[in-house]
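A.B. asks: Spelled out, the chains give:
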Amino acid sequence: MAENFEITKEMEAAIGVESDPWTYEVTTTSVRAFARGVGYTDRVYFDVDAAKAAGYRSLPCPPTYLGTAVFIPGESNDTFSGPKNTGPGVKHGLKNVLDGGTETEYFADICAGDTLTATNQVGDLQLRESKTTGTMLIVTTLTTCTNQDGVVVAKQRGQGLFY
Amino acid sequence: MPLSWDSFKEGDELPVLKKAPGVTQLVKYAAGGGDFNPLHHDFAFPQSKALGSIIIHGRFKYAALGELVSNWLDHGGRIAKLGCQYRGMDLPENEMTLGGKVVKKYEEGGRKLADLELWVNNAKGKNTTPGSATVDFGA
Numbered sequence: 001m002a003e004n005f006e007i008t009k010e011m012e013a014a015i016g017v018e019s020d021p022w023t024y025e026v027t028t029t030s031v032r033a034f035a036r037g038v039g040y041t042d043r044v045y046f047d048v049d050a051a052k053a054a055g056y057r058s059l060p061c062p063p064t065y066l067g068t069a070v071f072i073p074g075e076s077n078d079t080f081s082g083p084k085n086t087g088p089g090v091k092h093g094l095k096n097v098l099d100g101g102t103e104t105e106y107f108a109d110i111c112a113g114d115t116l117t118a119t120n121q122v123g124d125l126q127l128r129e130s131k132t133t134g135t136m137l138i139v140t141t142l143t144t145c146t147n148q149d150g151v152v153v154a155k156q157r158g159q160g161l162f163y
Numbered sequence: 164m165p166l167s168w169d170s171f172k173e174g175d176e177l178p179v180l181k182k183a184p185g186v187t188q189l190v191k192y193a194a195g196g197g198d199f200n201p202l203h204h205d206f207a208f209p210q211s212k213a214l215g216s217i218i219i220h221g222r223f224k225y226a227a228l229g230e231l232v233s234n235w236l237d238h239g240g241r242i243a244k245l246g247c248q249y250r251g252m253d254l255p256e257n258e259m260t261l262g263g264k265v266v267k268k269y270e271e272g273g274r275k276l277a278d279l280e281l282w283v284n285n286a287k288g289k290n291t292t293p294g295s296a297t298v299d300f301g302a
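Residue numbers (my numbering), protein chains in the order written: chain Y, 1 to 163; chain D, 164 to 302.
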């Protein structure tokens, strides 16, 4: 990364600013696609009858899956599939990114047929020295997911490592 | 069979889950999860070349820890919280052994809860992805 990288006041100004909302759909097809991608063999994530027998309204979201962002060319991020503009952003100019960690809190079941609205905000900026990549900027992002009934169903905290 | 509250105790380990996703599995995960970062499927991508390989999505490992807990619960309880940190990179076709342990079993606010410690050990036995979870068995 760049020598003498510093967190500027401009970067810090992005902390706490809530993004515009974006829609994430949970459908039977999207749940199956995620479960298949992870490698599940549990029928509850594939077969609606099995899901209902297990006490769910429809196919439940496997853990860590919070719906698929509605993709609109030009408005969505072509690499990560979420919305392109999630608030002011942190203009750090660093080209490489690694994932640092993720934590999700769940408050209710999320099942196929649900439509979630997600907003996010930058929670924190920190610098860390890494043996492999040098100085890294750690951006903590907080995401809140609300369902079609206005219930907050999940909150997620993620760390992007930029270098 | 759905896991019942009375059937486990502190110190119990979850049945291990072994995974060695190849490129095709990672492509399926990219399609299901929406993360098309070339670092996870394109060996010619500059960051892959710099690291010497493509790497498994951190989020794939996170989701796999979710699968580990989901398999153990068999829908007998719900996950209230699940987190992990991506401390080390894992490469495709390299076997990972995912495991977990019940570290605390308790009742709080009228709910039956258990805290789990989770890990992803690589083929050399190094934990690349330490995690934790709280599971909820209801009132």
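Hints are computed from structural coordinates only; laboratory data are not their basis.
Since this is a predicted model, take the numbers as computed values, not measurements.
Honestly, I wouldn't trust all of these hints.
[Claimed, not checked] These stretches of chain D come out as covered by chain Y in the derived footprint (C-beta under 8 Å, 3 or more residues):
#1 210-222
#2 256-270
#3 273-281
[To be verified] Away from chain D, derived, C-beta distances all over 12 Å, residues of chain Y:
#4 I7
#5 A35
#6 G37
#7 V38
#8 L98
#9 E103
#10 T115
#11 T117
#12 T119
#13 L125
#14 R157
Beta carbons: idealized from backbone N, C-alpha and C, even for Gly.
A.B. asks: If a hint holds in the structure, say so; if it does not, say that too.
C.D. replies: Checked hints:
1. Remark: the segment 210-222 of chain D is confirmed as covered by chain Y, as 4 of its residues place a Cβ nearer than 8 Å to a Cβ of that chain, reaching the required three.
2. For the segment 256-270 of chain D, the stated coverage by chain Y is violated: 0 residues have a C-beta nearer than 8 Å to a C-beta of that chain, whereas at least 3 were required.
3. Only residues whose beta carbon comes within less than 8 Å of a beta carbon in chain Y count, and the segment 273-281 of chain D has 0; fewer than three means the coverage is violated.
4. Against the 12 Å criterion, Y/I7 stays outside the reach of chain D, whose nearest CB is about 21 Å from its own CB.
5. For Y/A35, the non-interface assignment is contradicted: its Cβ lies about 7 Å from the closest Cβ of chain D, within the 12 Å cut-off.
6. Not every C-beta of chain D lies more than 12 Å from that of Y/G37, the closest at about 3 Å, which undercuts listing it as non-interface.
7. Y/V38, annotated as away from the interface, has a beta carbon of chain D within 12 Å; the closest lies near 5 Å.
8. Residue placement check: Y/L98 does not keep its beta carbon more than 12 Å from all beta carbons of chain D (closest about 7 Å).
9. Separation of Y/E103 from chain D is inadequate, the least Cβ-Cβ distance of about 3 Å not exceeding the 12 Å criterion.
10. For Y/T115, the non-interface assignment is confirmed: its Cβ lies about 16 Å from the closest Cβ of chain D, beyond the 12 Å cut-off.
11. At roughly 17 Å from the closest C-beta of chain D, the C-beta of Y/T117 stays outside 12 Å, upholding its exclusion from the interface.
12. Against chain D, the non-interface label of Y/T119 holds: every CB pair exceeds 12 Å, the least being about 18 Å.
13. With 12 Å as the threshold on Cβ separation, the claim that Y/L125 sits away from chain D holds: the shortest Cβ distance comes to roughly 18 Å.
14. Its beta-carbon lying about 8 Å from the closest one in chain D, Y/R157 breaks the requirement of being farther than 12 Å from that chain.
Violation of the numbered hints given earlier is confined to hints 2, 3, 5, 6, 7, 8, 9 and 14; the remaining hints are satisfied by the structure.
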